[in-house]
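**Student:** Chains G and C, in that order, are what the protein sequence lines are.
First residue of the first sequence? That's 0 in numbering that gives the first Met the number 0, and the numbers climb one at a time after it.
First residue of the second sequence? That's 0 in numbering that gives the first Met the number 0, and the numbers climb one at a time after it.
FYI, nobody ran anything at the bench for these hints, they're computed from the structure.
Be a bit skeptical, because a hint or two may be false.
Once the Cα atoms are required to be at most 25 Å apart in a straight line, the calculated SDA-like pairs of lysine to any residue come out as [claimed, not checked]:
| # | chain 1 | residue 1 | chain 2 | residue 2 |
| --- | --- | --- | --- | --- |
| 1 | G | 255 | C | 49 |
| 2 | G | 605 | C | 50 |
| 3 | C | 71 | G | 555 |
| 4 | G | 598 | C | 90 |
| 5 | G | 484 | G | 255 |
| 6 | G | 608 | G | 495 |
| 7 | G | 255 | G | 322 |
| 8 | G | 554 | C | 96 |
| 9 | G | 255 | C | 81 |
| 10 | G | 554 | C | 82 |
| 11 | G | 504 | C | 92 |
| 12 | G | 554 | G | 503 |
| 13 | G | 598 | C | 24 |
| 14 | C | 71 | G | 619 |
| 15 | G | 598 | C | 108 |
| 16 | G | 504 | C | 81 |
Restraint ranges, calculated between C-beta atoms of paired labels, are given here [what the hints assert, rightly or not]:
| # | chain 1 | residue 1 | chain 2 | residue 2 | range |
| --- | --- | --- | --- | --- | --- |
| 17 | G | 6 | C | 5 | 31 to 39 Å |
| 18 | C | 83 | G | 244 | 54 to 62 Å |
| 19 | G | 620 | C | 91 | 19 to 27 Å |
| 20 | G | 416 | C | 51 | 25 to 33 Å |
| 21 | C | 83 | G | 762 | 54 to 62 Å |
| 22 | C | 102 | G | 619 | 36 to 44 Å |
| 23 | G | 591 | C | 72 | 29 to 37 Å |
| 24 | G | 430 | C | 72 | 14 to 22 Å |
| 25 | C | 72 | G | 799 | 50 to 58 Å |
| 26 | C | 108 | G | 258 | 44 to 52 Å |
| 27 | C | 83 | G | 619 | 14 to 22 Å |
Just so you know, even glycine gets a beta-carbon here, dropped at the ideal spot from N, CA and C.
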Amino acid sequence: MSDEIVREFLVEGNENLDTLDRELVQLEKDPQNRATLASVFRTIHTIKGTCGFLGFTKLEAVAHVGENLLSRLRDLELLLNPDITTALLRMVDAVRQMMQSIEAIGNEGERNDEALIKMLTRVQQGGSLEEAPAPASPSAAPSTPPAAPTKHAKSAPPTAEATVENKHAHAPNLAEALPQQDAAAAGDGAVNAKRKAKKDAKEAKVVPVEAEKVMHPEENEAPQPQAAKSAGAGEGASRGSVGDSSIRVDVVLLDKLMNLVGELVLARNQVLQFSNLAEDPAIVAPSQRLNLITTELQEGVMKTRMQPIGNIWSKFPRTVRDVAMTCGKQVRIEMFGQETELDKTIIEAIKDPLTHLVRNSVDHGIERPEARVAAGKHAEGCVTLRAYHEGGQVNIEISDDGAGLDQEKIRRKAVERGLLTAEKAAQLSEREILNLIFLPGFSTADKITNVSGRGVGMDVVKTNIEKIGGTVDVQSTPGVGTTVKTKIPLTLAIIPGLVVRSGDKRFVIPQVSLIELVRIDGDPTRTGIEMVHGVPVYRLRGRLLPLVYLNRELKIEESTTDGAGKQEGVNNMVVLQADGRQFGLIVDEIRDTEEIVVKPLDRRLKGLKTFAGATIMGDGMVALILDVLGLAQRASIISETHDREASGATVEGKEEGIEKQTFLVFAGPDDARMAVPLGALARLEVFPAALVEKSGTESVIQYRGKILPLVFLKAVMQERRYDERHLKALKAEAEAAADAIQVLVCNHEGHAVGLVVERIVDIIEDRADVKSAATRTGVQYAAVIQERVTEILNLEVILSSAPVVRQQVEEHVKVGD
Amino acid sequence: MANTQQFCTFYLENYFFGIELLNVQEVLLQLELTEVPLAPYAVRGLMNLRGQIVIAVDLRRQLGLLERPADKPAMNVIVRTGEDAVSLLVDEIGDVVEVGEDTFEPPPETLRGKVRSAILGVHKLEKQLMHVLDTERACTVEERPVVAPPEH
């Protein structure tokens, strides 16, 4: 990492030095040009700052005096004269030598810049180039490039003028004016004498140290051995020096190259498809070579634009520290996936939003040390940054282990601020509530509470991320922490994809979302596809995998030829991963993997979340790229509740976000394992069966001085599952039930309703892993709770589907009227 | 006729339409389309126009006209809107006509429906009326899939 920084410093420094040379000479012509002065000052200032940071103290010392001198010039306390220019150019030379030495041997080399520093200080104080008694030493001239002395002479008149002006401003300068001109004249004389020496030196091509020798003849002996060594090294490396080996290229040009390579890849695909059919080695061999070369070219061009995200993360430890200090918190930062590469333009675009999110996490997410200790956590909070590729996108997560967001407060605030109505707010899911913080106007609400402050500028973050086609999502668990997930698409990318067919349509699935391909064939009773109340699942190595039929999700008509094959014959399943969840996608045919160029969808189709883009296939036809995440969402694989990793592979480091829910697990009709969230229940009661009375046709029971209508789950749930005859038998069975009934007392539309279940099993806290969507009413989804498939009921639906409740509500309304 | 405008003309059902020639990039015979599932009703699919993926919008659907008979191939009028291109599917291509401002009239008040919002007005030509299509509007498809069949 630090090598990388040094390299960058050298590349940038060398560029800057070249600019400096040019600007200094330019300055000499126009000494009062403030813009140039400021630019020169900035350059030296940057060099000084960076080398101080990198620990190159000698370099820093030289740059420092140079900077002092320049700051006086910039503030017009001093006027540039040939002496100063010379001094500055010498300083530039010294800096350059040191940089070359750093490049060659890793440090500045053994050197003594006392004389140079003294000289710069002297000039800065208005003194002459050389120490007072010494007449212009011959070393003065050669140190400047050959061109400089000539200019030196030419610029003499204006310099003299300038010095005269200076006299009025600074009395001490008066004394210096004369010797300076002497020095200049003497310098001119020395030029001829020493020009030959300089030329020799140049011809010898011993760039760095030789020049130094000429510059400081008096110090010739001291640094000799080291100098020679570094000179040799410097020369050897000069061909491939970092400054020469990298160039800056306009990103627009890279974009163009990228597009061309994209087209080339398409052409290559077409050629390959053609040559695959051909037997002739005359075409097969060259097309294979074309294939290889194109692949390499493509990788190369891609790389030119890619930068590791660590580049922008590297300043976050400092940000975190600063913010933590100001808030009086203890926070450390952990980063995973720094090496994740992103397109340069995207890196630039997400820099500010990410910084904002990190600051937010520290400022509002993490509690004060006392609060943390009180909550049983370590006093030091932790902000975790994580970046990884998924589904052709780059995911960046910023999580903290703080107090989490308070949903109720967010809900209330949103209503208070008139962003949505109370009714609407009450209907929102947990996830939707949390995402309210991204609403403009929500954020700046009021900074008193921990929650509201959280949203400051979040709308801006969202806007900026969405501008580059990304998404932001927030997840939070009270007491455990908050995670902000951003997904950044790779719109400008060539990705490997799997081509599949559904009906008569081809689709491409980004390889990154792909886990495995499974071929389920044979006898339908033994295919492994099972139903959880009409919802297909597949047992893949003991785990329950929800299945999604691509043709059903996309409403594609089954092509006639495959219509039959689907039920009895072979099922092709593509196991996909989205948002940490796995599911099986059933397609009609799995074809080949192919490199595809992702082209963004037309903006008119942006509303289709199921497609990430389109591409042109080898045969010239357009194929759509599936957005695995969007597809999963459409198929309700990813539901509103927090989902957990189903696979062990990506579990690592994700513990902080785990959310457990408490379920009441009970046996439903037919001993089916069912559950409801405990929070939805008021009480659990056991009544003797004899207490059940009839009110009209419906069963009721007296409960706490009121009439509690009863809903027999058996009666509600079995309607769909059995035919009439079977149903009657079961009803009779239910009537003649055991001597006690188990009742879950729930609140439904303001009334207590009793739901009669077969047997209460347990209260279980679980993460409700492996979900699959339910198609029938009454069931919200099926989940694996304590390693068993359990149906999570939707009480709303069940209770309102029961006739008894409807009746009761109607009566109530009448009475009210 | 100081200010004349050139129009690329085409037919939809029996109606005669014109679209400003400056907006038209090219006219093509029917190209093979890739359907986009779940897409808005008027979007017939995507096509490969020399390496560029272009969306094809069926003007019959867009204007609430009857479906084009299956055996009748459509023509593509490729128009530029902003930075991207859109292919408008029409029945038949007519001539390029040059008209002056004097023949232009705004649409009659009684004209309603989708056509009303998509046309700027009509030019009274010798033989017939030319409906001047608003390019931008013609290329704008509703976000939500319109499943409903055409009006009337």
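**Student:** Would you mind marking each hint as holding or not holding in the structure?
**Tutor:** The hints, checked one at a time:
Of the supplied pair hints, the one linking residue 255/G and residue 49/C holds, its CA atoms being roughly 17 Å apart against a limit of 25 Å. Among the hinted pairs, residue 605/G with residue 50/C is consistent with the structure: their alpha-carbon atoms are about 20 Å apart, no more than 25 Å. Taken as a hint, the residue 71/C and residue 555/G pair is honoured in the structure, with Cα atoms around 23 Å apart against an allowance of 25 Å. Taking the CA atoms of residue 598/G and residue 90/C, the gap is about 29 Å. The hint is violated against a cut of 25 Å.
Restraint check for residue 484/G and residue 255/G: not satisfied, since their Cα atoms lie roughly 31 Å apart, outside the 25 Å limit. Restraint check for residue 608/G and residue 495/G: satisfied, since their Cα atoms lie roughly 20 Å apart, inside the 25 Å limit. Note on residue 255/G and residue 322/G: the hinted pairing is violated, with a Cα-Cα distance of about 41 Å set against a maximum of 25 Å. Among the hinted pairs, residue 554/G with residue 96/C is inconsistent with the structure: their alpha-carbon atoms are about 43 Å apart, more than 25 Å.
Restraint check: the Cα-Cα separation between residue 255/G and residue 81/C comes to about 20 Å, which is no more than 25 Å; the hinted pair holds. Our distance criterion of 25 Å between C-alpha atoms is broken by residue 554/G and residue 82/C, whose separation comes to about 31 Å. For the suggested pair residue 504/G and residue 92/C, the alpha carbons sit about 30 Å apart, so the restraint of at most 25 Å is broken. Straight-line distance between C-alpha atoms of residue 554/G and residue 503/G comes to about 12 Å, which keeps the hinted pair within the 25 Å bound.
Note on residue 598/G and residue 24/C: the hinted pairing holds, with a Cα-Cα distance of about 21 Å set against a maximum of 25 Å. Note on residue 71/C and residue 619/G: the hinted pairing holds, with a Cα-Cα distance of about 24 Å set against a maximum of 25 Å. A threshold of 25 Å between alpha carbons decides the hint, and for residue 598/G with residue 108/C the separation of about 43 Å lies outside it, so the pair is violated. Of the pairs offered as hints, the one joining residue 504/G and residue 81/C is violated, with about 30 Å between alpha carbons and a cut-off of 25 Å exceeded.
Checking the proposed 31 to 39 Å range against residue 6/G and residue 5/C shows it is violated: the Cβ atoms sit about 59 Å from each other. Distance hint for residue 83/C and residue 244/G: a CB-CB separation of about 40 Å, inconsistent with the stated range 54 to 62 Å. Remark: the range hint 19 to 27 Å for residue 620/G to residue 91/C is upheld by a beta-carbon distance near 26 Å. Between residue 416/G and residue 51/C the CB atoms are about 45 Å apart, so this pair departs from the stated range of 25 to 33 Å.
In this structure, residue 83/C and residue 762/G meet the distance hint of 54 to 62 Å, their C-beta atoms being roughly 57 Å apart. For residue 102/C and residue 619/G, the hinted distance range of 36 to 44 Å is satisfied, since their beta carbons lie about 43 Å from each other. Checked against the hint of 29 to 37 Å, the pair residue 591/G and residue 72/C passes, with Cβ atoms roughly 31 Å apart. Distance hint check: the CB atoms of residue 430/G and residue 72/C are about 48 Å apart, inconsistent with the given range 14 to 22 Å.
Distance hint check: the CB atoms of residue 72/C and residue 799/G are about 53 Å apart, consistent with the given range 50 to 58 Å. Hint check: residue 108/C to residue 258/G, Cβ distance near 49 Å, so the stated range 44 to 52 Å holds. Taking 14 to 22 Å as the suggested C-beta distance range, the pair residue 83/C and residue 619/G conforms, at roughly 20 Å.
Hint check: violations occur at hints 4, 5, 7, 8, 10, 11, 15, 16, 17, 18, 20 and 24; the rest are consistent with the structure.
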